[in-house]
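Visitor: Single-letter residue listing:
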Amino acid sequence: MNRKLLGLVPFLIFIFLCVFLYQGLFGNPRELQTGRLGHTMPEFSLPDLMDSDKIWTADSLKGEVYLMNVWGTWCPTCIAELGYLTELRERGVKIIGLYYEQAYDPDFGDQFDINALRQDVNNMLSRAGNPYQFNILDLERTLALDLGVSGAPETFLVDKQGKILLHHTGDINERVWRTKFAAIYQELTQ
Amino acid sequence: MVPEIGYFALVLAMALSLLLCIFPLWGAYTGNLRLMKAAPSLAVGQCILVVFSFLVLIYITLMDDFTVEYVAHHSSSTLPWYYKITSTWGGHEGAILLWLVMQSMWTMLVAVMSKSLPWVLRARVLGVLGFLGVGFMLYTLWMSSPFERLLPYFPVEGRDLNPLLQDPGMIIHPPLLYMGYVGLSVSFSFAIAALLTGKLDNTWAKWSRPWTMAAWGFLTLGITIGSWWAYSELGWGGWWFWDPVENASLMPWLVATALLHSLAVTEKRGVFKSWTVLLAITAFSLCLLGTFIVRSGIIVSVHAFATDPDRGLYILSFLAVVVGGSLALYAMRVAQVYSEGRYQFISREVALWINNIFLVVATLIVLLGTLLPMIHKELGLGSISIGVPFFNQMFAILIVPFAILLGLAPMLRWKQNKMPPLVKKWAVLIAVSLVLTATWLYSSYEVVAPLTFVATALAVWISVATAADLFNKVTVHPSVAIGFKKLGLSYWAMVLGHVGIAFVIASVTLTSAYSVERSVSMKPGETAKLNEYEYRFDGVKEIRGPNYGGHAGVVTVFKNGNKVVELYAEKRRYDIGMQFMTEAAIDDGFFRDLYLALGEPLSAGAWSLRIYHKPYVRWMWLGGLLISFAGFIVLADKRYRSRVKKSSQVEA
Chain A
4 MNRKLLGLVP FLIFIFLCVF LYQGLFGNPR ELQTGRLGHT MPEFSLPDLM
54 DSDKIWTADS LKGEVYLMNV WGTWCPTCIA ELGYLTELRE RGVKIIGLYY
104 EQAYDPDFGD QFDINALRQD VNNMLSRAGN PYQFNILDLE RTLALDLGVS
154 GAPETFLVDK QGKILLHHTG DINERVWRTK FAAIYQELTQ
Chain B
4 MVPEIGYFAL VLAMALSLLL CIFPLWGAYT GNLRLMKAAP SLAVGQCILV
54 VFSFLVLIYI TLMDDFTVEY VAHHSSSTLP WYYKITSTWG GHEGAILLWL
104 VMQSMWTMLV AVMSKSLPWV LRARVLGVLG FLGVGFMLYT LWMSSPFERL
154 LPYFPVEGRD LNPLLQDPGM IIHPPLLYMG YVGLSVSFSF AIAALLTGKL
204 DNTWAKWSRP WTMAAWGFLT LGITIGSWWA YSELGWGGWW FWDPVENASL
254 MPWLVATALL HSLAVTEKRG VFKSWTVLLA ITAFSLCLLG TFIVRSGIIV
304 SVHAFATDPD RGLYILSFLA VVVGGSLALY AMRVAQVYSE GRYQFISREV
354 ALWINNIFLV VATLIVLLGT LLPMIHKELG LGSISIGVPF FNQMFAILIV
404 PFAILLGLAP MLRWKQNKMP PLVKKWAVLI AVSLVLTATW LYSSYEVVAP
454 LTFVATALAV WISVATAADL FNKVTVHPSV AIGFKKLGLS YWAMVLGHVG
504 IAFVIASVTL TSAYSVERSV SMKPGETAKL NEYEYRFDGV KEIRGPNYGG
554 HAGVVTVFKN GNKVVELYAE KRRYDIGMQF MTEAAIDDGF FRDLYLALGE
604 PLSAGAWSLR IYHKPYVRWM WLGGLLISFA GFIVLADKRY RSRVKKSSQV
654 EA
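Protein chains in written order, with the working numbering: chain A, 4 to 193; chain B, 4 to 655.
If you are wondering where the hints come from, they were derived from the structure by calculation, not from laboratory data. Only a predicted model underlies this, so the values are computations on that prediction, with no experimental measurement involved. Among the hints, a few may not be true.
If you anchor each label on the Cβ, the simulated ranges turn out as follows [said to hold, decoys possible]:
| no. | chain 1 | residue 1 | chain 2 | residue 2 | range |
| --- | --- | --- | --- | --- | --- |
| 1 | A | Glu67 | B | Ile636 | 56 to 62 Å |
| 2 | A | Ile16 | B | Lys562 | 52 to 58 Å |
| 3 | B | Met422 | A | Ile16 | 36 to 42 Å |
| 4 | B | Tyr85 | A | Gly86 | 35 to 41 Å |
| 5 | B | Met66 | A | Gln189 | 43 to 49 Å |
| 6 | A | Arg121 | B | Asp578 | 49 to 55 Å |
| 7 | A | Ala61 | B | Tyr85 | 46 to 52 Å |
| 8 | A | Gln26 | B | Arg576 | 38 to 44 Å |
| 9 | B | Val568 | A | Gln193 | 29 to 35 Å |
| 10 | B | Met66 | A | Leu8 | 56 to 62 Å |
| 11 | A | Ser55 | B | Leu437 | 55 to 61 Å |
| 12 | A | His42 | B | Gly608 | 38 to 44 Å |
Computed footprint of chain B on chain A; a stretch qualifies when at least three of its residues, placed anywhere within it, have a C-beta under 8 Å from a C-beta of chain B [as the list claims (entries may be wrong)]:
| no. | stretch |
| --- | --- |
| 13 | 12 to 18 |
| 14 | 73 to 83 |
| 15 | 90 to 99 |
| 16 | 167 to 180 |
Ideal placement from N, C-alpha and C gives every residue a C-beta, glycine not left out.
The task is simple: from the sequences and hints, build the whole structure.
Guide: Now the structure itself:
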């Protein structure tokens, strides 16, 4: 009897898997990637992570081709991609960080210690490489919401007019860069 | 007219497949020998028709028939002829047709070479293969025919083959990989036939083993060449990326490796039977799952092919029928399977059992890493991304006990061993390995990280233990010559396979630890230094290929003032798609690769260049070749043919 039940286990696991594969088939994994494609950068007005007096807006970013990289020190994959992003910066790619704080929730009366965060970010960037021209602090996650960000890391390629041409979920590495970004980036900058 | 002939040949082939599925299975069920005997000729006829259909596709591609949608989308008139042929499997529809070619060839080979099998088993194996053939042919004819026309409006020029695929590696990589994938369907059919027949004895394992070996050899070769292609063509200096599509080929490989070892135990000792059958079913199921992942668009990958939910639904349904059906059959029959062999804890059986556990755990890690992001999302938990670090960490943990065991196991005997003499021998071998590793690493490098040392020591340990075992086996005989003669090809396969693994481990470790790279911007005449090599940039010259133009950065490499090599790192712009491609320049060597990629033009004649120094990177593919070779030489083993004959025709 026991042996019979044990023999059924592979079958049951497979059925379980099939349900997800079926759902996944119609779940459209690409929809999150196309959310804001072709649209312009949404309006925003957010402070610089390191200097709260400095305010960045959609207009202030116009005029240059740049990558907007959504990241946080809490996200292991983001840390893993810092090295390669730094390399990209050395090759002349302009990268702007959108700092995505996960822990802070004002509705629960969370206290937010900006200095601790800055310290944390500085440590991380000096250890793993600093690819960023500057970081925008999106504490309420409004810009991230407008951009359709669902996690981190995610990266947007934005042209001189502020139009979003690419939205990549997951880390950026040499291969993703070569196969997904390089050609478009080259065309934009030439 | 010609494309329609190709399509029609496929329709006929499908009719034969249908008969190949029905006749022998029905015949075996009712005991009708005439029906069973129809199987081999049906298999041969089906193969001829499918191959003919594929030749038609090659012909219309070579003729630049752009009225055919597939040709218009994947080829162009300026494409060199050999890449035109490559383009026939460069896209989804053609790749599936190639799959069919392989499938029907394996089926024909089984039909022709299984004459010594009892008819009932032979008929069932071929019937199951026929069923798989029907599934894939129906799919081809119904939703992915490469012969669809673009009439009346067709382009005068094709869209060209994706430049990424215009590489020698790409000519051989997919066929080899498919040979492996599809070859595992033979092991699968043997397992199903054995379950249907209800006779899961070690003869079944003996018949199935050489086929599994061959399929596994092809799979290994395919993966190896795929990795080499990624390294030489993608221009990022890496060789493996844990991309879902790569994972799709790794999972069946891991399970097939477990299957090989488990089959050996079942054949020699009559134990692990139900487990071996489950592995055979799983290995091929993972091939189908991989196909589903790659072809359905369910997972976002840098090189997923066709993303069509209808096709995905078909493959999923097929998957459900084939895998669900076989697992249900397995559940029904497994209770009747008993192992008669007995063994103790310190024995080769247990060592191989633990090996199987490791390989299956490794497979589960890859499966989870590949599917978890999707499952997570479907459960409404939001998006997560599982990246390279996850896989690297998990595999780094797994490889340590696995490699230790890999060195130990060949020295163990079946049934039981006495511990004390073994422990003494192992202690000596471990000491030797540590000394060798230390000598090797500290003579070459100033800094050796603890993890690098451990991983390298594992590779050395495998080689030392394998060599010691070989030495022991040869010297127990009166003379070394006799000793060598007594070793079977299976033993040599094991030696090659294990040494191959040692090469791969050493390569992955050392190239990860000691690769260095520099991004530089150089004007003509300027030099840059990396390790003991000096790179002089001699400027950029225009290049012109059959279907691309671009620049080649000319770099002369010096070592101690002597010229080593002149490298041309190309940046191509393909005419039709206007895509940029980096064609890295590589000076390969046994101990190191010099790898150079041309970056963007900067101001005043300067260019950005990326220089990599990659030690021991070539050992990875050398290891892969050794491992796949291990799969092939077993086929030459006389043991299989002669023994099979003795037990022939018992049941007919």
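Visitor: Using the Cβ atoms, figure out if A/Ala61 sits within 46 to 52 Å of B/Tyr85.
Guide: The hinted range 46 to 52 Å holds for A/Ala61 and B/Tyr85, with Cβ atoms some 51 Å apart.
Visitor: Tell me if chain B covers the stretch 12 to 18 of chain A under the three-residue, 8 Å CB rule, please?
Guide: It holds: at least three residues are needed, and the stretch 12 to 18 of chain A offers 4 whose Cβ sits within less than 8 Å of chain B.
Visitor: So does B/Val568 sit 29 to 35 Å from A/Gln193, Cβ to Cβ?
Guide: Once the Cβ atoms are compared, 31 Å apart, the range 29 to 35 Å for A/Gln193 and B/Val568 holds.
Visitor: Measuring from beta carbon to beta carbon, are A/Glu67 and B/Ile636 in 56 to 62 Å?
Guide: Once the Cβ atoms are compared, 60 Å apart, the range 56 to 62 Å for B/Ile636 and A/Glu67 holds.
Visitor: How does the Cβ-Cβ distance of A/Arg121 and B/Asp578 compare with 49 to 55 Å: does it lie in that range?
Guide: Holds: the Cβ-Cβ distance is about 51 Å, inside 49 to 55 Å.
Visitor: Three residues minimum, CB to CB under 8 Å: does the stretch 167 to 180 of chain A make the cut for coverage by chain B? Let me know.
Guide: Coverage by chain B holds here, the residue count being 8 at a Cβ distance below 8 Å.
Visitor: So the hint says 56 to 62 Å: do the beta-carbon atoms of B/Met66 and A/Leu8 match that?
Guide: 60 Å, holds
Visitor: Would you say the stretch 90 to 99 of chain A counts as covered by chain B, given the rule of at least 3 residues with C-beta under 8 Å?
Guide: holds (count 4)
Visitor: Verify this for me: three or more residues of the stretch 73 to 83 of chain A with a beta carbon less than 8 Å from a beta carbon of chain B.
Guide: Per the Cβ count (3), the hint holds.
Visitor: Is 55 to 61 Å a correct range for the gap between the Cβ atoms of A/Ser55 and B/Leu437?
Guide: About 56 Å separates the Cβ atoms of A/Ser55 and B/Leu437, which means 55 to 61 Å holds.
Visitor: Should the hint that A/His42 and B/Gly608 are 38 to 44 Å apart at their CB atoms be regarded as holding?
Guide: Roughly 39 Å apart at Cβ, these two residues keep to the hinted range, so it holds.
Visitor: Quick one: are A/Ile16 and B/Lys562 within 52 to 58 Å, going by C-beta?
Guide: 56 Å, holds
In terms of the numbered hints stated before, the structure departs from hint 5 and from no other.
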